[in-house]
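Between the sequences and the hints, there should be enough to build the whole structure, so can you do that?
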Amino acid sequence: MYKYDEYDHAMVAARVAEFSDQVKRRLAGEITEDQFKPLRLMNGLYLQLHAYMLRVAVPYGTLDSRQMRMLAHIARKYDRDYGHFTTRQNIQYNWIKLEDAPAILEDLASVEMHAIQTSGNCIRNISSDQWAGAAADEITDPRPWAELLRQWSSFHPEFSYLPRKFKIAVIAADEDRAAMRLHDIGIQIVEKDGQHGAAFYVGGGMGRTPMIAPLIEDFVPLDDMLSYAEACLRVYNRYGRRDNIYKARIKILIHELGADEYRRQVEEEFVHVKSLGIDPPKAEFDRIAKQFAPPPLDASAPDEIDRSDPDFAVWVDQNVAAHKVPGHAIVNISLKPVGGIPGDASSAQIDLMADLAEKYSHDELRVTHAQNIVLPHVRKADLYAIWQALDAAGLATPNLDLISDIIACPGLDYCSLANARSIPVAQKIAARFSDLGRQKELGELKLKISGCINACGHHHAGHIGILGVDRKGTENYQLLLGGSGAEDVSLGTITGPGFDEDGIVDAIERVTDKYLAERSEGERFVDTFRRVGMAPFKEAIYG
Amino acid sequence: MVEHADNQSLPQAEGWHAEGEEPAVTLDAFLSQSNATAVRLEPDEDARALIPHLDRLALIEVAFPKFRDGRGYSSARILREAGYAGELRAQGDVLVDQIAYMKRCGFDTFAPEKPLNPADVEAALTRWPEHYQTAADGAVPIWKLRHG
Chain U
6 MYKYDEYDHA
16 MVAARVAEFS
26 DQVKRRLAGE
36 ITEDQFKPLR
46 LMNGLYLQLH
56 AYMLRVAVPY
66 GTLDSRQMRM
76 LAHIARKYDR
86 DYGHFTTRQN
96 IQYNWIKLED
106 APAILEDLAS
116 VEMHAIQTSG
126 NCIRNISSDQ
136 WAGAAADEIT
146 DPRPWAELLR
156 QWSSFHPEFS
166 YLPRKFKIAV
176 IAADEDRAAM
186 RLHDIGIQIV
196 EKDGQHGAAF
206 YVGGGMGRTP
216 MIAPLIEDFV
226 PLDDMLSYAE
236 ACLRVYNRYG
246 RRDNIYKARI
256 KILIHELGAD
266 EYRRQVEEEF
276 VHVKSLGIDP
286 PKAEFDRIAK
296 QFAPPPLDAS
306 APDEIDRSDP
316 DFAVWVDQNV
326 AAHKVPGHAI
336 VNISLKPVGG
346 IPGDASSAQI
356 DLMADLAEKY
366 SHDELRVTHA
376 QNIVLPHVRK
386 ADLYAIWQAL
396 DAAGLATPNL
406 DLISDIIACP
416 GLDYCSLANA
426 RSIPVAQKIA
436 ARFSDLGRQK
446 ELGELKLKIS
456 GCINACGHHH
466 AGHIGILGVD
476 RKGTENYQLL
486 LGGSGAEDVS
496 LGTITGPGFD
506 EDGIVDAIER
516 VTDKYLAERS
526 EGERFVDTFR
536 RVGMAPFKEA
546 IYG
Chain S
3 MVEHADNQSL
13 PQAEGWHAEG
23 EEPAVTLDAF
33 LSQSNATAVR
43 LEPDEDARAL
53 IPHLDRLALI
63 EVAFPKFRDG
73 RGYSSARILR
83 EAGYAGELRA
93 QGDVLVDQIA
103 YMKRCGFDTF
113 APEKPLNPAD
123 VEAALTRWPE
133 HYQTAADGAV
143 PIWKLRHG
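First to last, the sequence lines map onto chains U and S.
With the numbering used here applied, the first sequence corresponds to residues 6 to 548, in that order.
With the numbering used here applied, the second sequence corresponds to residues 3 to 150, in that order.
FYI, nobody ran anything at the bench for these hints, they're computed from the structure.
It is possible that part of the hints are untrue.
[As the list claims (entries may be wrong)] Using 27 Å as the maximum straight-line C-alpha spacing, the simulated DSSO-like pairs for lysine-lysine come out as follows:
{"no.": "1", "chain 1": "U", "residue 1": "Lys279", "chain 2": "S", "residue 2": "Lys116"}
{"no.": "2", "chain 1": "U", "residue 1": "Lys8", "chain 2": "U", "residue 2": "Lys82"}
{"no.": "3", "chain 1": "U", "residue 1": "Lys42", "chain 2": "S", "residue 2": "Lys116"}
{"no.": "4", "chain 1": "S", "residue 1": "Lys68", "chain 2": "U", "residue 2": "Lys295"}
{"no.": "5", "chain 1": "U", "residue 1": "Lys29", "chain 2": "S", "residue 2": "Lys146"}
{"no.": "6", "chain 1": "U", "residue 1": "Lys279", "chain 2": "U", "residue 2": "Lys82"}
{"no.": "7", "chain 1": "U", "residue 1": "Lys364", "chain 2": "U", "residue 2": "Lys295"}
{"no.": "8", "chain 1": "U", "residue 1": "Lys170", "chain 2": "S", "residue 2": "Lys68"}
[What the hints assert, rightly or not] Distance ranges between label pairs, derived from CB positions:
{"no.": "9", "chain 1": "S", "residue 1": "Ser36", "chain 2": "U", "residue 2": "Glu272", "range": "28 to 36 Å"}
{"no.": "10", "chain 1": "U", "residue 1": "Asp86", "chain 2": "S", "residue 2": "Leu147", "range": "38 to 46 Å"}
{"no.": "11", "chain 1": "S", "residue 1": "Arg129", "chain 2": "U", "residue 2": "Ala390", "range": "27 to 35 Å"}
Glycine included, C-beta positions come from ideal geometry on N, C-alpha and C.
So, in structure tokens, the structure goes:
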């Protein structure tokens, strides 16, 4: 894991001091809310329906146990004893007092954490593959590249008042576990002639105009990566639309210019930017990469798992993934118990996961964009002990990637932008499909719910997506089918007229029944949908 | 890296222009009259149009009609990167919480519509011990400090 040096510490400390001063001036009435808003946003502080919400950055989703315990401490001391893990691998606290924010940021800084650029029209926290460093299919650990980008983008003087927010994801495997092509910039580390470089996909995003990012450059050498990113951003900062907030994301610019013209402009800018010497030397990358060295795992550790406890065996089959080192496994902890709020964890649960990471996972945890937690480096021989501890804490729901492993935004229960509630819908769907045998029969089925058109719940990318809208003052839910945020990226299609809260649950059941009737051997839901198209599903839903 | 005067005192220009200063003309006017030495650049105007004329410019005033509109930051860097060494002024909705980034992008004077508290200006400009990235202020980035 990356450890701060004196420079990183000093930068975060300066930011805490700066924000403390800004809060003081705001509380004293020296600056208006309008002037304060972009400042608090760049420190992760939103004003929600009932209180301030603080979003804490978890760079590329990686944490150690000390940091995880601090997240529990903050929930306990400043909030209502829980936190909400988000689709950008961050954590949000929903009940924060403005006057506590500087103290929270100080607490975070003591464990090398912060809330810098977790909102606002700037470059946001860099996200990545939650299995980085552990997955068998990666060509390298993407996190050193992400850390290089994190430092470059932190307090970037030119790109802190962009037309709109800017999200970057970095992966290094063909299997895309980070929804890479639905980011403003999606980077895939690829290999060419024995060298690693960055493929740049630019202009993806969800929101009201979802777009899949086109490939802009297939191989940017490491030595040029920051210059290339700088060129991409400069073209956007200069020419991205500022007349309409809904058309201000880079995806609209690239859509309007065309990928070829955008690429031409970036290349022209890149030739100039490259002459400025903004790329750090290889030694800096090596310094960072050394800190992501694989943990010392014993490849001769026993590879067998004692499956005599049937409940444990069910969990192993669903939530445990292959590790690149024999005798080891990746544990996925579901934060989606039936009846729970997707992504929520109590302080006690956060502490327990920290304890397990320290004891069994080389002190590492990951947050996933699907709002779950990962223990990346676990000995197979320890799986049973881990499962018992998780089970006792309500954290052993064996539903990874099943229909009840739902991504949901906070919705109208918390969010000032929402048109409809997301959480009760997620709960009702999970309850309807609570029978695990039924869920397993349906297989991989990614269900994603957004409470408004901004798509924080990734509904466009759900195999089944739900979008909550306001229809003449009542909550109405539209149904989308056939999206994917993975390497088979696609955008869902709306089925037709929307439903009320109970109606949407019934409609989903008709859709899944239709899938079971139509599917061919080995087909996932989304495969069947792609093969047979919308018509049979529409018929099943609307008659 | 572009060399230019490291103006630690960062004078705040008052009002539209200081006493005796030539008023800044619009970009269109500047490009069509050969004797002007001061120009005002709006957010949607291309800073690169000035590059052939930098030698005869003493002042470039970059307009910030709204503080949220960040195009002027790119304009400033482009001008400094092209070698402009004259006065580069941020004018308009310029707030104390923006000036540290503006200075990094190459601005050396500020003409805020609403006057800034000098103590806050001082605090803002001395807040950051170092910087992660190269910009137009000549500051040595952290990665270079790490590796000498």
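We went through each hint and held it up to the structure:
{"no.": "1", "hint": "Lys279/U - Lys116/S", "result": "38 Å, violated"}
{"no.": "2", "hint": "Lys8/U - Lys82/U", "result": "26 Å, holds"}
{"no.": "3", "hint": "Lys42/U - Lys116/S", "result": "18 Å, holds"}
{"no.": "4", "hint": "Lys68/S - Lys295/U", "result": "44 Å, violated"}
{"no.": "5", "hint": "Lys29/U - Lys146/S", "result": "34 Å, violated"}
{"no.": "6", "hint": "Lys279/U - Lys82/U", "result": "47 Å, violated"}
{"no.": "7", "hint": "Lys364/U - Lys295/U", "result": "23 Å, holds"}
{"no.": "8", "hint": "Lys170/U - Lys68/S", "result": "17 Å, holds"}
{"no.": "9", "hint": "Ser36/S - Glu272/U: 28 to 36 Å", "result": "34 Å, holds"}
{"no.": "10", "hint": "Asp86/U - Leu147/S: 38 to 46 Å", "result": "42 Å, holds"}
{"no.": "11", "hint": "Arg129/S - Ala390/U: 27 to 35 Å", "result": "48 Å, violated"}
In summary, the structure is inconsistent with hints 1, 4, 5, 6, 11 from the numbered list given earlier, while agreeing with the others.
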